[in-house]
Every structure is written in structure tokens, then in C-alpha cells.
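Engineer: If you want the building blocks of each chain, they are given just below.
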Amino acid sequence: MFFLRICMMAIRGLQANLLRSLLATLGVIIGVSAVVSAMSILEGANRDILERFESMGADQIMVVNGSSQRQSRHTVLPSLTPEDAEALEELSLVKAVAPEVQAPAQIKYFRKNRNVTILGTTEAYAQINDYKAAAGQFITHEEVRAERKVCVLGHKVAKELFGEATAVGYRVKIRGMPFHVVGVMEKKGFLGFREVDNQVVVPLPTAMKRMFGLRNVTMITVQAKRQDLLEACIQQVKRTLRNQHSIRAGSDDDFIVFTQEQAKEQLADITKIFAVVLYSIAGISLVVGGIGIMNIMLVSVTERTREIGVRIAVGATRFDILRQFLIEAGIISLLGGVLGVLLGLAFTDLLENITRVLHTYTPSSSIYWALIMATAVGVLSGIYPAFRASRLDPVEALRYE
Amino acid sequence: MIRTHQLSRLYPMGDSVVRALDGVDLFIGRGEFVSVTGPSGSGKSTLMHLLGCLERPTSGTYEFEGRLVHRMTDRQLAAIRNRDIGFVFQTFNLINRTSALDNVAVPLIYGRKRNARAAARSALEKVGLGNRVRHNPGELSGGERQRVAIARAIVNNPGLIFADEPTGNLDSQTGEQIIDVFHSLHAGGVTIVLVTHEMEVAMQAQRIIRMKDGRIVEDRVMDDALRGELRQLGEQASGAATLGSRVG
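As given, the protein sequences belong to chains F and E, one line each in that order.
Heads up: the first sequence at position 26 corresponds to 26 in the numbering used here, and the numbers run straight through without jumps.
To get the numbering used here, take the position in the second sequence, counting from 1, and add 1000.
Any given hint could turn out to be false.
Below, computed lysine to any residue pairings styled on SDA-like, alpha-carbon distance capped at 25 Å [as the list claims (entries may be wrong)]:
1) K1212/E - E396/F
2) K1113/E - R323/F
3) K159/F - P178/F
4) K1113/E - R318/F
5) K1113/E - R5/F
6) K1212/E - R399/F
7) K188/F - T240/F
8) K1113/E - E396/F
9) K1113/E - L322/F
10) K149/F - T240/F
11) K225/F - T240/F
12) K1113/E - G250/F
13) K149/F - A135/F
14) K1212/E - V395/F
15) K1113/E - M8/F
16) K1113/E - R399/F
17) K1113/E - V168/F
Sample of chain F residues lacking proximity to chain E, with all beta carbon distances greater than 12 Å (derived) [claimed, not checked]:
18) L26
19) G57
20) Q60
21) G66
22) T140
23) G250
24) D269
25) I281
26) G283
27) R304
28) L334
29) V338
30) N353
31) D393
One-sided excerpt, in silico: chain E residues whose CB lies under 10 Å from chain F [said to hold, decoys possible]:
32) I1002
33) I1095
34) V1155
Hints were generated in silico from the structure; no laboratory data involved.
Glycine included, each C-beta is placed from N, C-alpha and C at the ideal position.
Could you build all of it, start to finish, from the sequences and the hints given here?
Structural biologist: Listed below in C-alpha cells is the structure:
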């Protein structure tokens, strides 16, 4: 009850000087809104990326070209081949293998055309990613082996070119070459980092030999038989690939193997760096905000010297005065914190609506922390002004003009 | 109620020392109406600050209702100011941004009193401002503001009220009304110490203490003889003032 009364007293004091109180807390408002919006963007991006990793499946092993040895002086030539994929298929712990190449290309149906990603792969791709055809079917083993010029359209591609009409059985041109549409895929959004709805799948050898003239694949996705055998499976894959590439003992791999789990860990590391940078900026802006509050509180103490004298004369103890100014500083900065959170949320919302790609997410804990930090900054920067107020000599304070 | 012995207050002023109060022995009984008068710099304000527990003496003793004030801690002094003493100042010293009611309630808040609003309202009624509780000081006349200040001084029902030039910022008619408020408080048993340099105001008290250079030079109970003497002094003073203004 007593505390409430003091708070009311402080709020009235601030009301009387609303504009100044707002200016005092401007630093906190800006600091908090920056933190909240940056947090929201970071957390949103983080979740987006995580979701894509999740879509990769926990039982998958990704193999890409490159050397894990960072010091490697010469650029690593692509080394993975379709034969590697075939060799991996033989392994005891491997359930399925999908090698792939990808390249951008234009697809045309009569007068309509569209830029898409061409994915050359095998029938295993759909199975591993649990990616189903909405009409017709995915490419088959026979079509892959026979290097047929068939294609499967992603959901968006089919819609753009054919509208609601059926695409299966029709002929489209990719890079000027005629292809038979054998299937249209379900709507899926993202698989890994690829927007599969805007993708056209063709048999791997068709893409490599007939379309792009490639000798190496860009990636091989391996599905382990059981998730708990993932580690053992990775060892099998590595051994086999080293064998295939005739790498001598002691030399480095010319490929990189990673799993969803490892990718997530790396992401967490990157997020941590961002977070450190973010919190440093937040810290600096809050310190600046604190200085603003201290400044205004010092002015306020000077201006209200007489009032302080009166309060002491009617029985306020030094501690009462100290507490009053601390509470005022705390309330100012809490107010700044609340305004900052609102501003930050509004900014985040605006950003999401303008860009339409950026997904943001504001963890409620970040709001609590922003408010707690803002209040703490206010109280801390109020200590010195409040202390000055509490040490005033009542006789002099009452005479102060 | 008040008993001092060789009460002194020194202020260092550069190399020298100002004896604002120089060995004052004083007794004020319960229920007295005393005025303290003297020219500016005579020490009357310092005396009030010491007696009002706003500062401590450099030397000497001060007993307030049997308690030794000169030995008290800050916290104990604050408690005495809060419960047993009320102050009324020349410039009212109200907090401008809050209502009359909230101004009056300030001592109650520091005294951790319940029902502060009701008590504050009844104090305002006592000084005849029952209809002005919601007004801010800026919306009140000088006399009304001083009444609010008096209400604040009496809200904790203290036994002693110090008034420092309470009519100094008011016209004479309003000043008289304020003095009337003090008279009625006095009639209710409150001890009143009125500090003023205006003879006419000082004459309202039962006892007049005259100070000069930090000492009490005269301490007389008001009787008709003194009243006449003072009136004459007052007329002379105002005559001198008119003369002065003419010369100026």
C-alpha cells in the first residue's frame, strides 16, 4: 500500500513533465526497440533455417564436394560421381541413395515460360524425402537408366504453365529440348534449402549428359537404414568413398559428409555469434539510455530542490527521498521499455509485411528481459541523482530559489 | 514543551565563523502562542530551524517534550518532524503539480498512515477549504494556498506549529485571515511559534521574543503596556519607511 502510494506520487511527477520524461527515456526506447526487432528477426531466421534442416530428415547423410581441410591451398575439384552413388547403394547400412545435380534453366510451354531449377536425380529422391506426386508419378528407375527426356513439375511450375489444367502427358521445352511431363508433385514448400515447388526434376543421366554436360554430381543424399546406426553408416560411407577415389591413408577426404544434427550445431554456433553482437549493441544502447535518464534525473533533482526540502521538513527520511527518486527513474525507464517493445514489435511487423520473405518471431522471454533490463538500467542510473537528492540539507533546500 | 540551554549554531564563512545563534536559553510551554521577531540576520530563522528539528545545534542542548533532540539520529528527527511538528512557510512551498488534497496528504504518506485521503480532507475542512480539495495550487489564491499549507502542517495533529513569515506574501486582509486560523488552532490547544519581522503580526501572540545578533534581547509576555509600546514602534518604523521612500 505504502509502496503503491509512492509509485502514484512518482507517476504524477512524471505526468507533470510528460515530454521531458519521454525525452529522458528516448535512449531506452530506441535501445529496447532495436533489441526486440533484431531479436525477432534473428529468431525468425533461425527458426526458418531450423525448419528447413528438420525437413531434411534425421536419418539422412549429405555428401558434397569439397575438402574439410581448411588450409587446403588449391581449390578442390568436384570428385563425386554417379558411380560413387551406385557403390554406396551396396552398403549394408544404407537404405537408399539419391545423387543429384542442379542448374537453372528456362522451361517453356507454348508462350508461357518460367525460370526454374532443374534437378537431375534418381527415383530414390522422392522416397528419401517423402515427396509425393499429386498427379502422374515421379521419375522411375527405367526412365533414369534409359536417360529418357521426361520431367516432373513442381507444384508452382505446373500451376504457372498449365493453370488448373492437367500437365501430365503434355510436352514442355527445357533449354529448347522437348520433355515429356510424367508427373506433377504435391505442394511441399522447402526441402532442405531448396524451394522444390519451383523445381523441375529430370533423370540424373539426362541432366548430366544431354542437358548440361556434367561429369560430377553436386550432392549425394544417403538414407541410413536406422537412425541409431547413423554414425556407423557415416563411417561406411566415408570408407567407401575414399576407396572409390583412391585416397591414400593419411590424405584428406575430397568430400564433406554432414548430417542434419551437425548442420544444426553449426547453425547454433553462428546464431551465438550474432547473439553476442546483438547483446553488445543492446548493452551499449541501454548504457546510453541510462546516461540520458541520469541526466534528466539530475536536472529534476535540482529543479525540485525546494520540494525535496518540504518533503524532508514534513517528515521524509533520507531513505524516503532516495527511494522516491529511484522509483521515478525505474518508472521512466520501464515506460521507455514498454514503448520500446511496442515500437520494436511494430517495426518487426512492418518489416515482415514489406519484405514478405522475412519471417520474424518474437520470443516472449525477450520481451520480459527487455523490460527487466530497461528498468534495471533506469534504477541504476537513478542511484546517483537520488543519492544527491537524499543528501540535501533541508534548510538550504527550503531557501533554494 | 521546548527547553534549550546555551543553544548555538555556527556557520563557517570562509576564514571567519558566523554565530547565527549564540547561546540561547529558552523555554516554551505547551499551548503558548509565541512570536519570534527581529531584523533579518538576527537568528530567528536559525532558531526556528533548530527548534523545528531541521538541523542540529553546534553546541548546547535542546529538549523537546523531555526528549534530547540534539542527540537524535536523522531518522528520529524525521519522525518528530512528521508527528509532532508542523511547518508553515512564507512561500507556501506546495507541490504545484498535485492537488490540494495530495499536498496535504504528503506527511501522512511518510507517516505510513491509513486513510490518508479522509484525514487530508478533514484537515482541509478545518481551514475552510473543504470545497477546494481537487484544485491544484496554481488554481488557488495566495490565501488559499497558505491555508493548504496550514492544513498540511496540522494533518498529523502535531502539538507544535512553526510559521515562518506566514503572511509575508499576502496582502494585509488575507494575512489577518491566516492569523485568525492560527488563533483558532491555538484555541484548540496547539502551541504556535510565529517567526516574523512585522510588528503588527508579532503583536498577535501572547509572548514576544525579540532577537538580535543571534541572541534573545527581549522576552516579554504581551500586556497592554507592551502593546502600546510596540504600536508606537511600528508607527515609527512605517514613518521611517515613508520618509525613506520620499528621500529615495
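Engineer: All the hints need checking, so say for each whether the structure fits it.
Structural biologist: Against the structure, the hints come out as follows:
no., hint, in the structure
1, K1212/E - E396/F, "holds (22 Å)"
2, K1113/E - R323/F, "holds (18 Å)"
3, K159/F - P178/F, "holds (19 Å)"
4, K1113/E - R318/F, "holds (19 Å)"
5, K1113/E - R5/F, "holds (11 Å)"
6, K1212/E - R399/F, "holds (21 Å)"
7, K188/F - T240/F, "violated (33 Å)"
8, K1113/E - E396/F, "violated (28 Å)"
9, K1113/E - L322/F, "holds (20 Å)"
10, K149/F - T240/F, "violated (31 Å)"
11, K225/F - T240/F, "holds (17 Å)"
12, K1113/E - G250/F, "violated (85 Å)"
13, K149/F - A135/F, "holds (18 Å)"
14, K1212/E - V395/F, "holds (20 Å)"
15, K1113/E - M8/F, "holds (16 Å)"
16, K1113/E - R399/F, "violated (29 Å)"
17, K1113/E - V168/F, "violated (86 Å)"
18, L26, "holds (22 Å)"
19, G57, "holds (66 Å)"
20, Q60, "holds (68 Å)"
21, G66, "holds (70 Å)"
22, T140, "holds (83 Å)"
23, G250, "holds (80 Å)"
24, D269, "holds (54 Å)"
25, I281, "holds (37 Å)"
26, G283, "holds (35 Å)"
27, R304, "violated (9 Å)"
28, L334, "holds (20 Å)"
29, V338, "holds (22 Å)"
30, N353, "holds (41 Å)"
31, D393, "violated (7 Å)"
32, I1002, "violated (17 Å)"
33, I1095, "holds (5 Å)"
34, V1155, "holds (9 Å)"
Of the hints listed earlier, those the structure fails to meet are numbers 7, 8, 10, 12, 16, 17, 27, 31 and 32, in rising order.
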